[in-house]
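K.L.:
These protein sequence lines are chains A and B, in that order. Heads up: the first sequence is residues 1 to 274, going by full-length UniProt numbering. Heads up: the second sequence is residues 1 to 320, going by full-length UniProt numbering.
Just to be clear, a hint being listed does not mean it is correct.
[To be verified] Among chain B residues calculated to face chain A with C-beta under 8 Å, some are:
| # | residue |
| --- | --- |
| 1 | ALA71 |
| 2 | ARG74 |
| 3 | LEU84 |
| 4 | HIS92 |
| 5 | ARG96 |
[As the list claims (entries may be wrong)] Quick list of simulated restraints, FRET-style, between CB atoms:
| # | chain 1 | residue 1 | chain 2 | residue 2 | range |
| --- | --- | --- | --- | --- | --- |
| 6 | B | GLY134 | A | LEU218 | 46 to 56 Å |
| 7 | A | GLN46 | B | ALA127 | 45 to 55 Å |
| 8 | A | VAL157 | B | ALA127 | 56 to 66 Å |
[To be verified] Far from chain B, some chain A residues (derived; all Cβ distances over 10 Å):
| # | residue |
| --- | --- |
| 9 | TYR36 |
| 10 | PHE50 |
| 11 | VAL113 |
The hints are simulated quantities; they were obtained by calculation from the structure and are not laboratory data. Model, not experiment: these values are computed from the prediction. The C-beta atom is built at its ideal place from N, Cα and C for all residues, glycine as well.
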Amino acid sequence: MTTLNPVAVGPTDETTDRPSRRRRSDLAVLLHQIRYEQLSFWRNPQAMIFTFVFPIAFIAIIGAVFGGGEASDFFYGRTGMQYYTATIAAVSVLGACYGQLAIALAARRQTGVLKRLHATPLPAWIYFAGLLAHCLMVSVIDVVLVVSVGALYDAPVPADWASVGVTLLLGSVCYCALGAAVASLVSNSEAAPAVVQFVQFPLVFISGSYFPIHSDTLNTLAGLLPVKPFNDALLSAFTTGDGLHWKQHGILLAWGVLGTLIAVRRFRWDPRPE
Amino acid sequence: MSALVVDGLRKRYRDHEAVAGIGFTVEQGEIVALLGPNGAGKTTTLEILEGFRSRDAGRVEVLGRDPGDRAEQRWLRERVGLVLQDIAVEPHLRVRETVARSAGYYPAPRDVDEVVELVGLAEKRDAKVKDLSGGQKRRLDLALGVIGDPKLLFLDEPTTGFDPTARRGAWEVVRSLRDLGTTVVLTTHYMDEAQALADQIVVLNAGRVVAQGTPETIGGRDTARTRIRFARPDGVAPEELPVVPTEIDETNVTLEVDDATEALHRLTGWALARGTSLHRLAVEQPTLEDVYLSLTGDAAGRPEAAPTSRRQRRRNRRAA
Numbered sequence: 001m002t003t004l005n006p007v008a009v010g011p012t013d014e015t016t017d018r019p020s021r022r023r024r025s026d027l028a029v030l031l032h033q034i035r036y037e038q039l040s041f042w043r044n045p046q047a048m049i050f051t052f053v054f055p056i057a058f059i060a061i062i063g064a065v066f067g068g069g070e071a072s073d074f075f076y077g078r079t080g081m082q083y084y085t086a087t088i089a090a091v092s093v094l095g096a097c098y099g100q101l102a103i104a105l106a107a108r109r110q111t112g113v114l115k116r117l118h119a120t121p122l123p124a125w126i127y128f129a130g131l132l133a134h135c136l137m138v139s140v141i142d143v144v145l146v147v148s149v150g151a152l153y154d155a156p157v158p159a160d161w162a163s164v165g166v167t168l169l170l171g172s173v174c175y176c177a178l179g180a181a182v183a184s185l186v187s188n189s190e191a192a193p194a195v196v197q198f199v200q201f202p203l204v205f206i207s208g209s210y211f212p213i214h215s216d217t218l219n220t221l222a223g224l225l226p227v228k229p230f231n232d233a234l235l236s237a238f239t240t241g242d243g244l245h246w247k248q249h250g251i252l253l254a255w256g257v258l259g260t261l262i263a264v265r266r267f268r269w270d271p272r273p274e
Numbered sequence: 001m002s003a004l005v006v007d008g009l010r011k012r013y014r015d016h017e018a019v020a021g022i023g024f025t026v027e028q029g030e031i032v033a034l035l036g037p038n039g040a041g042k043t044t045t046l047e048i049l050e051g052f053r054s055r056d057a058g059r060v061e062v063l064g065r066d067p068g069d070r071a072e073q074r075w076l077r078e079r080v081g082l083v084l085q086d087i088a089v090e091p092h093l094r095v096r097e098t099v100a101r102s103a104g105y106y107p108a109p110r111d112v113d114e115v116v117e118l119v120g121l122a123e124k125r126d127a128k129v130k131d132l133s134g135g136q137k138r139r140l141d142l143a144l145g146v147i148g149d150p151k152l153l154f155l156d157e158p159t160t161g162f163d164p165t166a167r168r169g170a171w172e173v174v175r176s177l178r179d180l181g182t183t184v185v186l187t188t189h190y191m192d193e194a195q196a197l198a199d200q201i202v203v204l205n206a207g208r209v210v211a212q213g214t215p216e217t218i219g220g221r222d223t224a225r226t227r228i229r230f231a232r233p234d235g236v237a238p239e240e241l242p243v244v245p246t247e248i249d250e251t252n253v254t255l256e257v258d259d260a261t262e263a264l265h266r267l268t269g270w271a272l273a274r275g276t277s278l279h280r281l282a283v284e285q286p287t288l289e290d291v292y293l294s295l296t297g298d299a300a301g302r303p304e305a306a307p308t309s310r311r312q313r314r315r316n317r318r319a320a
């Protein structure tokens, strides 16, 4: 160990801050945060591989089962691969944004990582913006991977990329907000994966992600919950490309706002409740 | 302006009053040690000063601002460094990256490599955090506490789990920070740490300040009675001694006196005249640990425990 040199500008005086203690712009701090959030993700090979291998394996299995099938009423006039390429892409976005974020936040709180961060001047919104950027990045990679593997089984590439982009952005923001909300409501990290699954599994089931649902009651109900609107918007953006989907996007946005409100009011950085 | 002002601070958890009216002041550039048994209110007090917990009553000023005011939070975080106990960093980043990451959050950080070197992690700069030992992780915490070039630094048991060399190193870091004008508030269970570092000591017990002062004078250490001890010479009855012992058994004699010079003169004069040796003759002022234990009520049942454990520790340290 050595002794410490004064910082170049010298010790602060009591009344005024030295000229260099001026804040960096929020944008500079945000880019810094995104960079290091990415660095810690790519430095963890296990987490990285599972994040990307899961959707690939899933769509490959679906392809082996439904590849080369004809369009049918069961898949609303689409082929099985057309249908599943969209819903599996949607499930992987849900997993990357909602599930993984909720579990990661709960674990980081439990281990004290969040408290350490909270002890620095990093504004909370920049921390969450960095996480959102990360989840968006993973979502885009997941969608590209699913579409690419789907193409090997003759699923056509998406018809309307602009609509896919808007839907993806809204879906990611909504699911990240819900992930942060769930992390705010569970108090310990061991419970987080169970709570995440408890919400996600039935939701994915009734939203037609694994097989098309032909019950009007169920479809009306699921249409108001956060998963089916995303599935539907992505499905038509992938296949028919009939412009924007105001209703679905509106519902996603509403859930996103609800999740954000819960997170803002209830999020804790400290592992021990007061 | 004082770096820290605490006045009438109170905090209650349900039916338990963790902090029951604490007050003390810390001047800029001072090192202050908060001592007290577990549950005395040290951590709660620190967490209120750090802005992690709300308070029920009292006035708190950190660098002239109120840590309970959310609007002040960012300003304070830019100027206050924290080394806490229940914290961690991302396990997969490297040491230097971890420090560089935190540096980016501050308006005027210290040089990253200088700080890594400062805490003795230069050789580990490219190691992943998850591969560090417990003591090395604590040193990384210290690096993260000082990277923002704080005016005020809170250290919650900063050297717990350090080996003796690392502890001395950490003390050097704390002293050099103080020499640059940084105010340091630390908690510790090591009396030698408080003795070596602190300009001022505040002893807490059951949520209250029970004593406050310099390490030399706290609890009347400087005016306390001197203790003289020696092995009881063979075949000497208590009445034969030229002094009145406070305690005497088959093997040892202990006396506590106001004027050690006079007592020693009489004792050694008597021994020389008699041709007797006073084996293991020792003259002791109460140690900081003696004072601490009597202040916090732990000493009552075992008055001899303090010096023994202190010697024991010193012996262990030499062996290590």
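K.L.:
Taking the hints in turn, state whether each one holds.
P.N.:
For each hint, the structure was consulted:
For the restraint placing B/ALA71 at the interface with chain A, the shortest Cβ-Cβ distance is roughly 13 Å, beyond the 8 Å limit, so the hint is violated. For B/ARG74, the interface hint holds, the least distance from its beta-carbon to any beta-carbon of chain A being 5 Å, beneath 8 Å. For B/LEU84, the interface hint holds, since its Cβ comes within 8 Å of a Cβ in chain A; the closest pair sits about 7 Å apart. Residue-level restraint check for B/HIS92 holds (minimum Cβ-Cβ distance to chain A is 4 Å; threshold 8 Å).
Checking B/ARG96 against chain A: minimum C-beta separation of about 12 Å lies over 8 Å; hint violated. A C-beta distance of roughly 54 Å is found between B/GLY134 and A/LEU218, which places it inside the suggested range of 46 to 56 Å. Separated by about 19 Å at the C-beta atoms, A/GLN46 and B/ALA127 break the suggested range of 45 to 55 Å. Remark: the range hint 56 to 66 Å for A/VAL157 to B/ALA127 is contradicted by a beta-carbon distance near 44 Å.
The beta carbon of A/TYR36 is not kept farther than 10 Å from every beta carbon of chain B, the shortest such distance being approximately 4 Å. With a minimum CB-CB distance of about 14 Å to chain B, A/PHE50 clears the 10 Å threshold, and the non-interface call stands. Not every CB of chain B is more than 10 Å from the CB of A/VAL113 (nearest about 5 Å), against its label as outside the interface.
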